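Novice: Protein chains in written order, with the working numbering: chain A, 1 to 681; chain B, 682 to 1209.
Keep in mind that the hints were calculated from the coordinates and are not lab data. Incorrect hints may appear among the rest.
Straight-line alpha carbon distances no greater than 27 Å define the calculated DSS-like cross-link-like pairs of lysine-lysine that follow [said to hold, decoys possible]: (1) B:K709 / A:K133; (2) B:K848 / B:K709; (3) A:K186 / B:K716; (4) A:K49 / B:K1158; (5) B:K1073 / B:K1185; (6) A:K186 / B:K1158; (7) A:K186 / A:K133; (8) A:K186 / B:K1073; (9) B:K789 / B:K709; (10) A:K186 / B:K1157; (11) B:K1144 / B:K1073; (12) B:K1157 / A:K49.
Source: prediction; values computed, not measured.
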Amino acid sequence: MVNAGLTTIYLAAEEGAIHAGTGGIWSEWAGLMLIGPMLAFLVIVMFGKRMRYQGAEVAIGVMAFNLIWSTVLLVLNMGDEGVLYERSIEIARVGGGLVFELGWMVDGLSIMMYWVVAAVGLAVFVYAHGYMKGEIRVTFFFAALSLFAGSMLVLVGSPNLVQLIIGWEGVGLASYLLIGHYWEDKENSSAAMKAFYTNKVADVGLIIGVIIIGVVLGSFHYWDLAAAAAEHSDLLGPVAVTAAILLFIGAMGKSAQFPFHIWLPDAMAGPTPVSALMHAATMVTAGIYLMARTFPLYQELATAARPWMIAAGTITLFGMGLLALVVDDIKRVLAYSTVSQLGYMMTAVAAGGYTAGLFHLFTHAFFKALLFLGAGSVIHAVHSNNMSDMGGLRHHMPHTYRTFVIGSLALAGIFPLSGFWSKDEILATLGYEGYNLVMWIAVAGAFVTAFYMARAVSLTFFGEYRGHGHPHESPRIMTAPLWALAVPAVIAGLVNIPGLKLPLIGSFTSWLSVRSVSMGDHHAESIDLGLAAAGLAAAVAGLWLGWVAFGPKAAKRRAERDWVEVPGLYPLLRQKYYLDHVALGMVWTIRSPLARAVNWVNDYVIDGVVNMVGALCQGLASLVYRGVDQRGIDGVVHGVSYGASGMGGLLRRIQSGRVQQYAGLLVAGLLLLVVLVLFVL
Amino acid sequence: MELFEIWALSLIVFLPLAGALVALAIPKEREEAVKLWALGVSGVTLILAVIVAARFDFGAAGRFQFEVDLPWIGAIGANYHIGVDGISLPLLVLSALVVVLCVIYSWKHWDEPHNPRGFLVLMLILATGMNGTFVALDLVLFFIFFELVLLPMYFMIGIWGDRTMRKIPGFKKEVETRLYAAIKFFIFTLFGSAFMLLGFLALYFKSGSGGLDPTFDIPELIGRGFLFEGTFAWLVFGAMFLGFAVKVPMWPFHTWLPDAHTAAPTVGSVLLAAILLKLGSYAFIRISIPILPETAREWAPFIAVLSVIGIIYGSLACLAQTDVKRLIAFSSVGHMGFVMLGIATLTEVGINAAIIGMVAHGLITGLLFFLAGSMHHRYHTREMSRLGGNLKLMPVLGGILGFTAMASLGLPGLAGFWGEFMALLGSYQPLPGLSTDFFRTAMVIGAIGTVLTAGYMLWMLQKVNLGEPSSEWAGKKFHDVDRYEMIAWVPLIVLIVAVGVYPKLVLGVTTDAVVGLVETAFSSVLGG
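Let's have the full structure, built from the sequences with the hints guiding it.
Specialist: In structure tokens:
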């Protein structure tokens, strides 16, 4: 669905005809938000151990600074004009007319991301300060958290695709460091590797995509990409679909789209605050962000790429949600839930729902961070990740219980919590764009979502306690962030209710819409009551079924946790569709037979030839020596290789302490040569 | 300061050699004095190189500066012609820096049979050879410096190298690893050099046709490029290719490298990786391409194929290694594959990629070999199956290893990224006339190579750095990074980050020179 308005927006923007505020010093120095966490990383690594709170104070302080700064920008951007500012510093001219730049961008999309990263980041950092008390390597943990947030900000603040890659892989590195925090266990370091590596594979797509765009346009700038797309540039046209699909492959890695999602559930190996950050703000949203940033490309030129994206998104949203039904680890339930919700966002953006996808990203950040932190609080109390060791915790942990339920309802999409509005917007967009089948799958996905969350809440907080010891509520430093996140989880949806424009605040749509990359998507003027009701009904049905199947009564009836083990389906889900087996098989093939074969070729084929030549020469030399000239025309014998024995003898003598004489001889010989050449010739 | 302009480069080249001579006069027992002397000499050389860089006219990076052109061997028209431009300056500074760091590192780290004086003398001679190669603008001079490098390295490997016995297929007796490696290194390179010399001589004689005086002067030969064409040029390029390709080393001429690296003492490995490998790729940019541009276009696809094979092959071979040092050595095959792929595109971006790739590889792989050496020094083994939990036993060393491995796998924001990224960037659109489809295929395969690179680096980290230390090391005390190591490594770390964040540090010097080179060499296809 191409919106005619888009071209006009870009062309007008290029001529400077769009009216937008610059944001004053808040924009001019917005780069501080990118640099701050990076500096915090360095400072904590170098001096953290000597600090009172082991570096946590630096990380938290910087995040608080970022939150204040980005809040100011958010407010400035709510006005009628909005904010548009961009600053780039050349870091190299590389020839071929290409330039690499670093800088920052302040516009609706990036401001929203700055704010989400800072808000979720601050909550998680504060929580982590409580959660990590007494753990090993706390200092490095906070350093890596800062790097994580900093890389994400470099990514979302970037005005060009090269800086995006820098932030992109920085995020990957930080995730590697954090997932592998307890690297003494091989399982954890393998999970860290899996995350980094799966992303690295997908990054091949991103890098080649960026290269194609950069070479073809002679610029890596989003602005030029958007303008070229808007003008249906002849240069970009022929490669647009290829480039778009390649970028999308990169996005599939970071945003865990099928079949690249396999790393995300294993990423649970890191401490829980890491998961909260990763699933809400700093990692998995990067792919969605990239798709939004390069939206004009998909909207105008690469429309042929969109069916593929929608297919991947739809498989992800439904298929991965099902996996959350059969796992026992509470964090894995949430992880598969994230994968599924990312599928919603990707599907929405691919279908043309720019605002819808980002709106879901926005609300999801709060309730998913809340749910992970809640899960962390529970794990902290019962010392187990498994729901089979939980149960009945609502009495022991009232704050965690209440906030977790709020988060679950928001995720399930219950009116009027935030998730309801964003999911409804996605459904509405899919319907409007004519993807009816996908829309109904998404409704079914809402049912699944509600179902697994009801199961998780029931198994965790209701029934009898099945674990060991006495669980207790977490300290206030951990529960306070829970409540702080519960507030936006409830109300964040209000900023984008169709047809409602709040005074002063405006709407989410308007935040994103005025300027640089925007739009051209449909935003409903009024709510489609029928569709909203269908989505809500699916969610309520899911909750009800989950409650019936896994609630306290059901638990009393059956000791077995999983309600129905459908033959065929259940093992398939338990084995995660066997995708891990496929991936492992590929890695094994490269690691074992292939690498060994290459090494064998190296040692026995290529080197075999080399050694054979050496041996032949040696044989020939001794033949000549013995047979032809017993007394020796030395020149011949010393030829190519009198062989290891001759040289060895020489070396043995040298090593016995007379090296310097030989070195001296060498120097003298050289000098003699120079002198001869200079004066005699 | 006219005087400085004239003498600077000659001092940078010959000061180490003179220093080596003087060092021989110091009694062997006075080790501290020898070390201080070597440090002083290499330090002054570095300072001179830095001053040259500071006084370098960046606005005219394409021109040779600090140039000296004196008659030398009148009979054959060889001149003492030296100078730096934007292409050689970064490599010259790198070379001067790495030698200083090697001197500092070796302060307390001596491989058997000890003898610091002999070792340092060799190192200084090596410095003359390396610095000389980067400034030589005359083929005879170039050849002498290029070959001069061979001997000290041969002795370093042969004397201070690994003494374990090794069975070589095809030979009856077992030999010491160091002897095998040293001889292999020597003969391999000599084999290439013979062809290279042949190529140089052919150029010399051919340059005399048409009533001109034959010359070895590189800029002069570039101007006479029109004389070299057809089969003659093709063969000459091939002869020089053999010489340079062995040094790089390109697949399949690389097999001396893993052996030499594994057997060499730590500092030898560092110098080999950081500087010696660059001599070959530098020579392609300095000699082959500008003098024989038309032929370079014919050879480019072939070079690209070997480069890409090197990338994939090197990475796969890494995955099969059990010895840390051998793994790093094979990683060089892959990384130099990217450098050569960049050169093969014959584009501004590609050749720029090659230079920044060389600098980055020098910094990163040099540091990796330092680290491997220090680990070997402590564990007395390089077998990865016996290592593990290094990060626990030595947090600082392990941390630096992690950092360097990340740099090596091309993490954006660190130096290694730009060389790889730009090589791929150049491959997307090679010089007009070269097959785009062909080079784009090479680009995709190269990009897959980056994934394999990440694979073996992460795997190495997991094996060596992570996990619990094996029981073999339980209860043992390990000294974490000592002062000398720190002083030697910190400059490399800082530069890896600095070049990564601000590649202009290198590209700011090179770009104009590279653009000039490409425009001059390929003006016919670029259309003015």
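Novice: Please go over all the hints and tell whether each is borne out by the structure.
Specialist: Checked hints:
A threshold of 27 Å between alpha carbons decides the hint, and for K709 of chain B with K133 of chain A the separation of about 57 Å lies outside it, so the pair is violated. Distance hint between K848 of chain B and K709 of chain B is unfulfilled; the C-alpha atoms sit about 35 Å from each other, more than 27 Å. Simply put, K186 of chain A and K716 of chain B have alpha-carbon atoms about 44 Å apart, too far for the 27 Å limit, and the pair is violated. At most 27 Å may separate the alpha-carbon atoms for a hinted pair to count; K49 of chain A and K1158 of chain B meet this at roughly 22 Å.
Restraint check for K1073 of chain B and K1185 of chain B: not satisfied, since their Cα atoms lie roughly 37 Å apart, outside the 27 Å limit. Pair hint K186 of chain A plus K1158 of chain B holds up; C-alpha atoms about 24 Å apart against a cutoff of 27 Å. A threshold of 27 Å between alpha carbons decides the hint, and for K186 of chain A with K133 of chain A the separation of about 23 Å falls inside it, so the pair holds. For the suggested pair K186 of chain A and K1073 of chain B, the alpha carbons sit about 14 Å apart, so the restraint of at most 27 Å is met.
Restraint check: the Cα-Cα separation between K789 of chain B and K709 of chain B comes to about 16 Å, which is no more than 27 Å; the hinted pair holds. Restraint check for K186 of chain A and K1157 of chain B: satisfied, since their Cα atoms lie roughly 22 Å apart, inside the 27 Å limit. Restraint check for K1144 of chain B and K1073 of chain B: the C-alpha separation of about 13 Å stays at or below 27 Å, so the hint holds. The straight-line distance between the Cα atoms of K1157 of chain B and K49 of chain A is roughly 25 Å, inside the 27 Å bound, and the hint therefore holds.
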